[in-house]
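J.: Protein chains in written order, with the numbering used here: chain A, 1 to 519; chain B, 1 to 337; chain C, 1 to 332.
Just so you know, these hints were derived from the structure itself, not from any lab.
A few of these clues could be false.
Some chain A residues close to chain B (C-beta under 8 Å, calculated; not the full set) [claimed, not checked]:
hint, residue
1, Ser103
2, Ser117
3, Val121
4, Leu131
5, Val281
Calculated cross-link-like contacts (lysine to aspartate or glutamate; reagent style EDC-like; alpha-carbon spacing at most 20 Å) [as the list claims (entries may be wrong)]:
hint, chain 1, residue 1, chain 2, residue 2
6, C, Lys324, C, Asp212
7, B, Lys156, C, Glu47
8, B, Lys156, C, Glu48
9, C, Lys301, C, Asp132
10, C, Lys297, C, Glu56
11, A, Lys436, A, Glu276
12, A, Lys287, A, Glu315
13, A, Lys196, A, Glu505
14, B, Lys156, C, Asp70
15, A, Lys401, A, Asp453
16, A, Lys196, A, Glu511
17, B, Lys156, C, Glu56
18, A, Lys367, A, Glu394
19, A, Lys62, B, Glu224
Small disclaimer: the values here were computed from a predicted structure and weren't measured.
Virtual Cβ for every residue (Gly too), placed ideally from N, Cα, C.
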Amino acid sequence: MTASPQNDHQPLKPGTEFLRLEGITKAFGGVKALQGVSLSVRAGEIYHLLGENGSGKSTLIKIISGAQPPDGGTLYVRGVPYSRLTALQSLEVGIETVYQDLSLFPNLSVAENVALSAQLVQQGGRLARPLNWKALRQTAEAALRRVGLRDDSVFLETPVADLPIAVRQLVAIARGIATKATLVIMDEPTAALTQKEVENLIGIVSDLRKDGVSVLFVSHKLDEVFSIGGNLLILRDGQKVAEGELKDYTKSQVAYLMTGKALDQTRYRSSAPQKEGLLEVRELGRKGGFEGVSFALQKGEVLGITGLLDSGRNELALALAGVRPAERGEIRLEGRSIQIKNPSDALRLGLAYVPEDRLTEGLFLQKPIRENIMVSILDELLRGYQLDFAASNEKAWEMVKNLHIATPNVMIPVQSLSGGNQQRVMVARWLATEPKVLILNGPTMGVDVGSKDALYRIIQNLSSQGLGVIIVGDDLPELLQNCDRILVMRRGRLAREFMVPDLSEETLTKELLSETSTL
Amino acid sequence: MALTSPPQTRSPFSVWQALVQRPELLTLTLVLLLALVIGLINPVFFTPQSLFDLLRASTVTGIFALGVLLVLAAGGIDVSFTAIAAFCLYTTTLLVLNVAPDAPFALPLLISIGFGLLLGLLNGLIVHRFRAPSLIVTIGTQYMIRGFLLAFIGTKHIMNIPEGMDRFGRWSLFQFTTAEGARASLPVAFLLLVAVALLTWWILSRTLLGRAIYAVGGSVPIAERLGIPVRSVYLFVFGYAGLLAGLGGLVHASLNQLANPFDLVGTELDVIAAVVLGGARVTGGTGTVIGTLLGVVLVVMINNSLILIGVPSTWQKVVIGAIILLASGVFSRRKLA
Amino acid sequence: MKRKTLWIAAGLAALAVGVTGLVLAQKKYTIVTVVKITGINWFNRMEEGVKEYAKETGNNAYQTGPAQADAAQQLKLIQDLVAKKPDAIAVVPFDPAVLEPVLKQALERGIKVITHEADNQVNTLYDIEAFDNVAFGARLNERLAKCMGYSGKWTVFVGSLGSKTHNQWADGGIANAKKYSGMQLVDAKQETADDAEKAYQKAKEILKKYPDIKGFQGSASTDVAGIGRAIEEAGLNDKVCVFGTSLPSIAGKYIETGAVDGIGFWDPKDAGIVMNKVAQMVLEGKKITDGMNLGVKGYEKVSVTKGPGQGFIIRGNAFVDVDKSNLKDYNF
Numbered sequence: 001m002t003a004s005p006q007n008d009h010q011p012l013k014p015g016t017e018f019l020r021l022e023g024i025t026k027a028f029g030g031v032k033a034l035q036g037v038s039l040s041v042r043a044g045e046i047y048h049l050l051g052e053n054g055s056g057k058s059t060l061i062k063i064i065s066g067a068q069p070p071d072g073g074t075l076y077v078r079g080v081p082y083s084r085l086t087a088l089q090s091l092e093v094g095i096e097t098v099y100q101d102l103s104l105f106p107n108l109s110v111a112e113n114v115a116l117s118a119q120l121v122q123q124g125g126r127l128a129r130p131l132n133w134k135a136l137r138q139t140a141e142a143a144l145r146r147v148g149l150r151d152d153s154v155f156l157e158t159p160v161a162d163l164p165i166a167v168r169q170l171v172a173i174a175r176g177i178a179t180k181a182t183l184v185i186m187d188e189p190t191a192a193l194t195q196k197e198v199e200n201l202i203g204i205v206s207d208l209r210k211d212g213v214s215v216l217f218v219s220h221k222l223d224e225v226f227s228i229g230g231n232l233l234i235l236r237d238g239q240k241v242a243e244g245e246l247k248d249y250t251k252s253q254v255a256y257l258m259t260g261k262a263l264d265q266t267r268y269r270s271s272a273p274q275k276e277g278l279l280e281v282r283e284l285g286r287k288g289g290f291e292g293v294s295f296a297l298q299k300g301e302v303l304g305i306t307g308l309l310d311s312g313r314n315e316l317a318l319a320l321a322g323v324r325p326a327e328r329g330e331i332r333l334e335g336r337s338i339q340i341k342n343p344s345d346a347l348r349l350g351l352a353y354v355p356e357d358r359l360t361e362g363l364f365l366q367k368p369i370r371e372n373i374m375v376s377i378l379d380e381l382l383r384g385y386q387l388d389f390a391a392s393n394e395k396a397w398e399m400v401k402n403l404h405i406a407t408p409n410v411m412i413p414v415q416s417l418s419g420g421n422q423q424r425v426m427v428a429r430w431l432a433t434e435p436k437v438l439i440l441n442g443p444t445m446g447v448d449v450g451s452k453d454a455l456y457r458i459i460q461n462l463s464s465q466g467l468g469v470i471i472v473g474d475d476l477p478e479l480l481q482n483c484d485r486i487l488v489m490r491r492g493r494l495a496r497e498f499m500v501p502d503l504s505e506e507t508l509t510k511e512l513l514s515e516t517s518t519l
Numbered sequence: 001m002a003l004t005s006p007p008q009t010r011s012p013f014s015v016w017q018a019l020v021q022r023p024e025l026l027t028l029t030l031v032l033l034l035a036l037v038i039g040l041i042n043p044v045f046f047t048p049q050s051l052f053d054l055l056r057a058s059t060v061t062g063i064f065a066l067g068v069l070l071v072l073a074a075g076g077i078d079v080s081f082t083a084i085a086a087f088c089l090y091t092t093t094l095l096v097l098n099v100a101p102d103a104p105f106a107l108p109l110l111i112s113i114g115f116g117l118l119l120g121l122l123n124g125l126i127v128h129r130f131r132a133p134s135l136i137v138t139i140g141t142q143y144m145i146r147g148f149l150l151a152f153i154g155t156k157h158i159m160n161i162p163e164g165m166d167r168f169g170r171w172s173l174f175q176f177t178t179a180e181g182a183r184a185s186l187p188v189a190f191l192l193l194v195a196v197a198l199l200t201w202w203i204l205s206r207t208l209l210g211r212a213i214y215a216v217g218g219s220v221p222i223a224e225r226l227g228i229p230v231r232s233v234y235l236f237v238f239g240y241a242g243l244l245a246g247l248g249g250l251v252h253a254s255l256n257q258l259a260n261p262f263d264l265v266g267t268e269l270d271v272i273a274a275v276v277l278g279g280a281r282v283t284g285g286t287g288t289v290i291g292t293l294l295g296v297v298l299v300v301m302i303n304n305s306l307i308l309i310g311v312p313s314t315w316q317k318v319v320i321g322a323i324i325l326l327a328s329g330v331f332s333r334r335k336l337a
Numbered sequence: 001m002k003r004k005t006l007w008i009a010a011g012l013a014a015l016a017v018g019v020t021g022l023v024l025a026q027k028k029y030t031i032v033t034v035v036k037i038t039g040i041n042w043f044n045r046m047e048e049g050v051k052e053y054a055k056e057t058g059n060n061a062y063q064t065g066p067a068q069a070d071a072a073q074q075l076k077l078i079q080d081l082v083a084k085k086p087d088a089i090a091v092v093p094f095d096p097a098v099l100e101p102v103l104k105q106a107l108e109r110g111i112k113v114i115t116h117e118a119d120n121q122v123n124t125l126y127d128i129e130a131f132d133n134v135a136f137g138a139r140l141n142e143r144l145a146k147c148m149g150y151s152g153k154w155t156v157f158v159g160s161l162g163s164k165t166h167n168q169w170a171d172g173g174i175a176n177a178k179k180y181s182g183m184q185l186v187d188a189k190q191e192t193a194d195d196a197e198k199a200y201q202k203a204k205e206i207l208k209k210y211p212d213i214k215g216f217q218g219s220a221s222t223d224v225a226g227i228g229r230a231i232e233e234a235g236l237n238d239k240v241c242v243f244g245t246s247l248p249s250i251a252g253k254y255i256e257t258g259a260v261d262g263i264g265f266w267d268p269k270d271a272g273i274v275m276n277k278v279a280q281m282v283l284e285g286k287k288i289t290d291g292m293n294l295g296v297k298g299y300e301k302v303s304v305t306k307g308p309g310q311g312f313i314i315r316g317n318a319f320v321d322v323d324k325s326n327l328k329d330y331n332f
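Just chain A, with the same shape it has in the complex (with noise of 0.2 Å):
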C-alpha cells in the first residue's frame, strides 16, 4: 500500500486537506500508547496538539515523521495513502518537524544543520552526489533571516555544540522551515526561549500560514497555544478527546479536556517563611557571570530568581550549586560562613540543585530509576564495600511514592518515562539528600499542565516543612503561582526585588525588559 513518494511539492489551496490519519494504532509492550485515532491536517491551517505526558502525543508525532511506524490504520498524505512513511519519505512528502530534543547535530555547523536535510532529501537520500554548498549557505541564509538569527559566515560556521539552548531552538526552528514544506510540526518550540523570541515566533507562523504552510503544534503552555489561535487537537490516554476551532473553548475547558480534571489556576503558595534565616549570599560574584549578588533566604521561604537569559541568573543558580563556584564573596547557611567550591560540597552542605536541562545536566538517561536517586546519596548506602541494595530500593520506592512518579517499577530506565516523570526523578534524586535548601532551574520546562500541577504542590509541601526553595527560570506565572519575593537580575546584578503577593504578571514582565538598573 505504500506509494512512491512524491518530490513535486505542488502548493495546496488554503483549507485542501493535505494530512488525514485514519485509525491509527500503535502500542508498546502491551501498552496502547494511541487507540485509533484519525485527524486531517488542511494546507495553510494552525494545529495545536495537546495532551498530558503519555497522552500519545509523541508517538502521534514519530509516526507522522516516519521515526516510528504504526502497528494499524492508514495516512493519507495529498489523498495518496500510505500503511507508514520513512523519516525520508515523511520529509519528501513535505513535513519537517522540529523536535523537541532539537534533533541537531552538535558536531555540525549551523548552516549544515539547517540546509543539509534539504539537499539529502532532493537526491532522495542517495549520498553519492556532489554537496551544493552555495546552495546549502543560501538555504541557511534564508532560513535564519526569518527565525531572527544572524546570517553572517562566523555563525553559519559555528558548531551547534558552541551555542546556547536558546539559540539552538532556533536553528532547529530553521531547520523546520528551511525546505518549502507543507506541514512543519513543531514540538515545545518555545521551551528554551524568551518571551521576546516567543513573540518572534508567532510571527514567523504566521507569515508560513501566509504561504500556506499548515503548523501543528505540541505545547504544554495554554497561554501561547490561546495567543497564537488556530485549531485544537487533544489527546488523552491515546484517544483524541477534541478537535476544533480553539475560539470556542476557554482554557479552563482545554485544562479539563487534557486532564480530565479541572484545574486550579491560581496561586499554590500556601505557607508563609518562618522568621529563621536559612541562606545569606554577600557580594558574590564570578567573572562573566554575576557581580556583587546579596540576597538572604529564610526557612521555608519560596524565593524567585529571574532575568533575560544572559542576565547572570543561571551562572548564580550554578554558583550556588558549585559547578562553577562563585569567585568572591561570601555565602553563609544558618549563620556559618561556607565555601563551595565543587558540586560535592554544595551537596555536603545541604544545598540541591536540579538543573535546567535534565537530558545534558543531570539523568543517566540509561540508567534505572533507582540508581538515578540513589547516585546522590552513595555514601549513605553503603556498607563496608558493599551497596546495601534493599535500603536502596526502599528509599527509590518512598522516593516513587511521595512524587506521584508514575512508573510500575523502580528499575526501569529514566528515558522510557515521560519529561514530567524525569523531572520528578532529578527532584527525587535531590530530595533524597535531605537537603535545607532546594534550588530549582526551570523546574516545569518541557513539562505539561498535570505534571507542573504535581511538581508544584510538591514544592509547597517542602517549603511548609521548612526547606528553602530557589526557583531560577523565566516561568514568570510559575514564579508568581509559587514565591514570597522574586528577584530581577540584569547584566549579572540584582536590579529589583519583589514581594510576590501585590505583583502583576505586567510589572514582572516590564521589569524583566527594562534595560536600567534601579536598585
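Got chain A; can you put chains B and C on it based on the hints?
T.: For chains B and C alone, coordinates are given in the frame of chain A:
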C-alpha cells in the same frame, strides 16, 4: 539578548580562538615546535634528506590513517585495519607469485584493495547489523583475519616479491646525492598518499556522503530521523578503511621488498593516535584530512627522530608516550576552553 | 612392527645389556620428531636430517607437526602420539609451558622426551641448543669486526628489548667488540619490532646521525633485510658492513648485492639428526656427558649442563656462517 547576540566568545585570545576552531593549526604548531627542537639538538635534521625520509615513512601510516579518519568521523573505531593490511599484502603477493609473477603493479594493487574492501565491508555489515560497538567487532575481526592468515595462508617471509611490486617499490620520484656521497630518494608511492588524501578530502567536504558521515558520527538516532541511510554510511566508511588498508599493506610490502605476514599488526594504536592528534575525536563526528596528515607527520617524526636527538632505546617508548600525552593534554585544554 | 615382538625384543635387549653387556646390533626404535609447524622451509630442512638419520640407522624415525603455527594443535598432536606410545619423541615446542603436562605424562609412560630450542622446559630428558647465545652473538660480531677492520662506529639492533635471545646475542656482540679499542658502539639496541620496515627506518636515522658508521649487527631475522635495503638505497654497499642473525631466504637478496655481508644461524638439518641421535642414546641407556662428540658437525664437543627440571641442556657450537660464497648451499 540571546535572540541576536553572537555565540558567546569564551576566550579573549584570538589565537586561542583560532585553535579552537581549527584544531589542525594546533597540530601544525606541535609539528613545527617538535621539528625545531629536534633540529636544534641535531642540525642534521634540517636537510632535504630528512624531509624525504619523513614523507616516505609517512606514506603507509598516512594511507591507513585516512581510512581510520573516516571511521572515527562516523563515530566508530577500527583496529582491524592492520590485520586486513597484512592479510592483503601477503595473500596478494602469494597469489600473484603463483598466477602471474610478471604482471604489472596494477594487478596486485587491484587484488589487494579488492580483498581489503571485502574485509572492510564485513566489518561494516557486522557493526550495523548487530548494532555492536565497532571496537569490539574490529578486535574480533582483527584476531580472525590474522589467525586465518597465519593458519591457512602462510607464515613464511617472502623476499622475492612479484616483479611489478618490486619495481614499484624501487621507483623514485626524486633522487639526489648528499654531500657525504649517500643517495636520498622519495619513492613514487608517496604520490599514492597524495592521491588518497585528495580523494578523501573530496569525499568528506564535497559530497553529501561526507556530510552524512559526520552527521552519523554526531548522532545515529538523529541521522535516522533525518532520513540519512545509516547503513550505507557504515558500509562505506568501513569498506573505505578496508580498501585503504589493502592499499597501504601492498605499498608497505612493495617498499619493504618483503611480504611478511607478521608485519603491521600491533601498530594500529600509532595510527589511531595520529588521527586523534590531528584533531579527530575518538567520540566521533570530527576530523579533517589535513589535520590527520599533520597528525601522521607528528607521530612519524616522534617515532623516527629519537635516534637523532640521542634518546637511548630503553627510553624511547617513555618519550613517545610522554609527547603523545602532552599533545593530547593540549588538545583537551582546547576542548574545555 | 608388532608391539608384542617389540616388547619382547626390548626386554631381551635390556636383559642382554644388563647381563652380558652385549649391545644388540640394529635395534629398531620408533622416534617421532614433532616440529612447530609443517610445510615451512626451516622445518623441511629439519626433516631432511630426520630422514637422513632414519636411512642411516634403519630406525623408524619420522617427523610430524601441526599444519598451523598453533600451540594448541601441537599439544593435541603430542597427546595423540603419547597414546600410541613410541619409544621417544623429539619436540620443538611452540610454547614450552603449554606442553609441560603432556610431556610429563609421556615421561611417566616411559617415553623418552628430547626437546630443542626450549632451555626452560622442565619435563624433558635433554634439551638441545645449537649453541650458546652469547657465544653466537660474539661470533657474529667477530665477523663484523673483521669486515670493519677492527675499527669504526657500529651499532646493534634487537627485535624488542624484551626478547631474551636477541639481548643475549646483542650482549655477546657488545662484549666481543670491547676487545678492540677501535670499535665504537653507538646508540645500541634499537628496537625493530621484527619488522624490516622499522629496521630500515632506524638504519636510515643512524646513517643520518653517523654518516661515518661502519657496521650494523642485526638480531631479528628481518633486521639485516631492512638494514641492507637502507644501505643499498644509500649506495653504501662497499662502505658499511652488515651482519646479523637471519636466513638465506630472507637476507639472500641483499647478500647477493653485497648490501649485507654475512649472516649467522644454525642448521635445522643437523639439529634434527642430533635430536634423534640423543634419543637413541637415551634409549640405549647411555648418558651424554660434557665434552662428548655426537658425531655431527658443530656438535663434536658439546657442553652439558643441568636444566630447569630433571633433565640436561646440551649445547653445541653449531654456528653456520653464510656469506656470498656459500649462500647457494642453503635453501631455507
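J.: All hints are to be evaluated individually against the structure, with a verdict given for each.
T.: Hint check results:
1. About 5 Å separates the beta-carbon of serine 103/A from the nearest beta-carbon of chain B, less than 8 Å, and the hint is met.
2. Among the interface hints, the one on serine 117/A holds; its C-beta lies about 5 Å from the nearest C-beta in chain B, closer than the 8 Å criterion.
3. Hint status for valine 121/A: holds, given a least beta-carbon distance of 7 Å to chain B, under 8 Å.
4. A hinted interface residue such as leucine 131/A counts as satisfied when its beta carbon comes closer than 8 Å to some beta carbon of chain B; here the least separation is about 5 Å, so the hint holds.
5. Taken as an interface hint, valine 281/A does not check out: its beta carbon lies about 25 Å from the nearest beta carbon of chain B, beyond 8 Å.
6. Only pairs whose Cα atoms come within 20 Å are accepted, and lysine 324/C paired with aspartate 212/C is rejected, the gap being roughly 24 Å.
7. This hinted pair checks out: lysine 156/B and glutamate 47/C have alpha carbons roughly 17 Å apart, not beyond 20 Å.
8. With a CA separation close to 19 Å, the supplied pair lysine 156/B and glutamate 48/C stays within the 20 Å bound.
9. Proximity of lysine 301/C to aspartate 132/C is assessed by CA-CA distance (about 13 Å); at most 20 Å being required, the pair is judged to hold.
10. For the hint linking lysine 297/C to glutamate 56/C, the alpha-carbon distance of about 16 Å falls within 20 Å, and the restraint holds.
11. Using a Cα cut-off of 20 Å, the hinted pair lysine 436/A and glutamate 276/A holds, with the two alpha carbons roughly 13 Å apart.
12. Using a Cα cut-off of 20 Å, the hinted pair lysine 287/A and glutamate 315/A holds, with the two alpha carbons roughly 10 Å apart.
13. Between the alpha carbons of lysine 196/A and glutamate 505/A the distance comes to roughly 15 Å, so the proposed pair stays at or under 20 Å and holds.
14. Of the pairs offered as hints, the one joining lysine 156/B and aspartate 70/C holds, with about 15 Å between alpha carbons and a cut-off of 20 Å not exceeded.
15. Under the criterion of a C-alpha separation no larger than 20 Å, the hint pairing lysine 401/A with aspartate 453/A is consistent with the structure, at around 16 Å.
16. A C-alpha spacing of about 14 Å is found between lysine 196/A and glutamate 511/A, which places the hinted pair at or below 20 Å, so the restraint holds.
17. Proposed proximity of lysine 156/B and glutamate 56/C is contradicted: the alpha carbons are some 31 Å apart, above 20 Å.
18. Restraint check: the Cα-Cα separation between lysine 367/A and glutamate 394/A comes to about 17 Å, which is no more than 20 Å; the hinted pair holds.
19. Between lysine 62/A and glutamate 224/B, the direct Cα distance comes to roughly 12 Å. Compliance with the 20 Å bound is thereby established for this hinted pair.
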